[in-house]
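These protein sequence lines map, in sequence, to chains W and U.
Our numbering numbers the first residue of the first sequence as 423 and each following residue consecutively.
Our numbering numbers the first residue of the second sequence as 60 and each following residue consecutively.
The set of hints was computed from the structure by calculation and includes no laboratory data.
Warning: the hint list may mix true and false statements.
As the list claims (entries may be wrong) - Dumping the calculated DSSO-like pairs for lysine-lysine here, alpha-carbon to alpha-carbon at most 30 Å: (1) W:Lys-442 / U:Lys-178; (2) U:Lys-285 / U:Lys-296; (3) W:Lys-596 / U:Lys-195; (4) U:Lys-189 / U:Lys-178; (5) U:Lys-195 / U:Lys-178; (6) U:Lys-189 / W:Lys-596; (7) U:Lys-189 / W:Lys-442; (8) U:Lys-285 / U:Lys-268.
As the list claims (entries may be wrong) - For each label pair, taking beta carbons as the anchor points, the in silico distance ranges come out as: (9) W:Trp-567 / U:Asn-123: 51 to 61 Å; (10) W:Gly-515 / U:Asn-123: 21 to 31 Å; (11) U:His-249 / W:Leu-607: 37 to 47 Å; (12) W:Leu-626 / U:Glu-192: 49 to 59 Å.
Keep in mind it's a predicted model, so treat the numbers as computed, not measured.
Beta carbons: idealized from backbone N, C-alpha and C, even for Gly.
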Amino acid sequence: MECQISNPSPRGVFQAHAVKALAARTLRSYFESPTATVTLFVFYLLTGYLFAAPLFLVKIASLRGLIDFVPLLLAFLVPALTMGLLAEELKSGTFETLATLPLEDWDIVLGKYLGFAALHLVCIAGLIFYVLVLALCASPAGLDWGEMLGTLLGLALTGLAFGAIGIFTSSLGKNQVVAFVMAFLVCFVLFILGKTAGLLPGGLGSVVEYIGLDAHMDNLAKGVLDSRDLVYFASLVFTFLYLTVQRLQARRF
Amino acid sequence: MILAKNLTKRFGDRTVVDHINFDIPQGQVVGFLGPNGAGKTTTMRLLTAYLPADEGQAELAGLNVFNQPLAVRRRLGYLPEDNPLWEDLELTEALHFAGRLRGLTDDASRAARVRAVVKSCGLRREIGTKVGELSKGFRQRLGLAAAIIHDPEILILDEPTSGLDPNQVLEVRDLIYELRTHKTVLISTHILPEVTATCDRVIIINAGKIVADGTPADLAGDMADKNRLHVELKGPKDDIRRALAGLPGASQIVADEIEGSFIVESAAGADLREGVFRLAAHNDWPILSLRQERLSLEEIFRALTQNP
Ligand SMILES: Nc1ncnc2c1ncn2[C@@H]1O[C@H](COP(=O)(O)OP(=O)(O)OP(=O)(O)O)[C@@H](O)[C@H]1O
Ligand SMILES: [Mg+2]
């Protein structure tokens, strides 16, 4: 019986086959449990309301209502999606199975994270429906496409950053509830910092402003694509994925 | 194939694995025994590079475990303690998932491997069952099937038969016995008859230190303070007794009233069986039974691991 094993990649390079298998399994288990259904339902119910209310009541064709509230909603929903990613493997002991396969801990973390990211991006992509509604309602000239796409990009990046925070707290122990609460707290702090920045004196204020979400989100929502904002989100994602890998490598659960 | 050199692991200031050494050649099946908390699982976690060692080295298939963990793990099938499984998957899905993670990316060849392990592990009638709904025996077989999906050269199994009923123990034991042909196997267990039946060699660890290493027969020989030979001959009892006492090396003759036989005691390591045969042939006393008494593995285990 011939047994074909794909080319082993050298150390330090991702094992694409395993990352793919883990991501696919993560995504599938979201849909096979009520997790994805409940999350998508809550997400579209609330965003739908936030979108529709101003549109019909005050006839404002914008995504403004979403920008203020959706990050908070994500601070709640994303940890619910990520809390089990590693905590569950640690609890059931399957982490030991994963960690003794020919994989680096980075492969495991990345595979799990990409599975989450796929569901999150599907979620955000659904918001394009609202943009299309706006395009139909408003006069085409009145619609700022840069703002629209910037907003969607901002929300997508916010969720990706929150997801990295969530997978990190999920690596801390076997308890999913603890992972959820801690991830929510960190995400909430990022959410609230930007709003308090204005109340703080000069230097401190600008630091807090940079750490908080709002300033970056606002730039994107204006349709301004600034590399500093992209670096902000990318470094959040990388930092927390890195911390997750460090945490797993310590093997103290 | 499996080499440990001064392998040591500490948790805090407790040394859980204490400078252990062994070398397991290719094709050997080794039983790894020890009381609860002796350090068996920890040793296996070191050998699979799950945990880093504090001191010492380990090699699998000639590769350094701590420098080349991925290359080592490609050649290794490992069944962790308590057989953790992905409960939400269906049985064949679980095997496909294990195969994909192992780099069996080609659908056809992976499916062939899944069929092969389903067959060799006797899982066919459970196809379609969710892992979480399997009985313990079938879970154990599935764990084993997943561990051999890539046909590894080396198997490390941490208590593959724990919690099984005697029939299942026998079946899983037979399964491991069949796997052994081309593989080097290190298997920890608390079921000692299983070791006597399947293992070429036994390593006993106590409080992190290796206290015995050898074939069950060797260990019995090393441990016994004297040699006891049970002899049953057909003939006049008194003559037999006198003749046995005259055997060179025989130190004492004890009559076993129940079996109607004699026990010939001699110094440890001596073998009087040939002498008994000649004596029987010379006197024309047919040999009804002749049995060298051995310490059982249980007795050896108890003697070596009972902490004062
Ligand atoms: N992560 C850990 N942190 C601290 N101590 C640990 C850890 N893992 C194991 N130990 C300790 O190391 C010792 C050896 O444990 P190990 O699991 O290796 O024993 P074992 O021989 O497999 O026992 P059993 O037969 O019960 O499975 C135990 O006293 C245990 O409490
Ligand atoms: Mg153990």
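Okay, the hints, checked on the actual structure:
no., hint, in the structure
1, W:Lys-442 / U:Lys-178, "holds, 28 Å"
2, U:Lys-285 / U:Lys-296, "holds, 24 Å"
3, W:Lys-596 / U:Lys-195, "holds, 23 Å"
4, U:Lys-189 / U:Lys-178, "holds, 18 Å"
5, U:Lys-195 / U:Lys-178, "holds, 18 Å"
6, U:Lys-189 / W:Lys-596, "holds, 23 Å"
7, U:Lys-189 / W:Lys-442, "holds, 23 Å"
8, U:Lys-285 / U:Lys-268, "holds, 26 Å"
9, W:Trp-567 / U:Asn-123: 51 to 61 Å, "holds, 57 Å"
10, W:Gly-515 / U:Asn-123: 21 to 31 Å, "holds, 26 Å"
11, U:His-249 / W:Leu-607: 37 to 47 Å, "holds, 44 Å"
12, W:Leu-626 / U:Glu-192: 49 to 59 Å, "holds, 57 Å"
Going down the numbered hints, you'll see the structure goes against none, and every one checks out.
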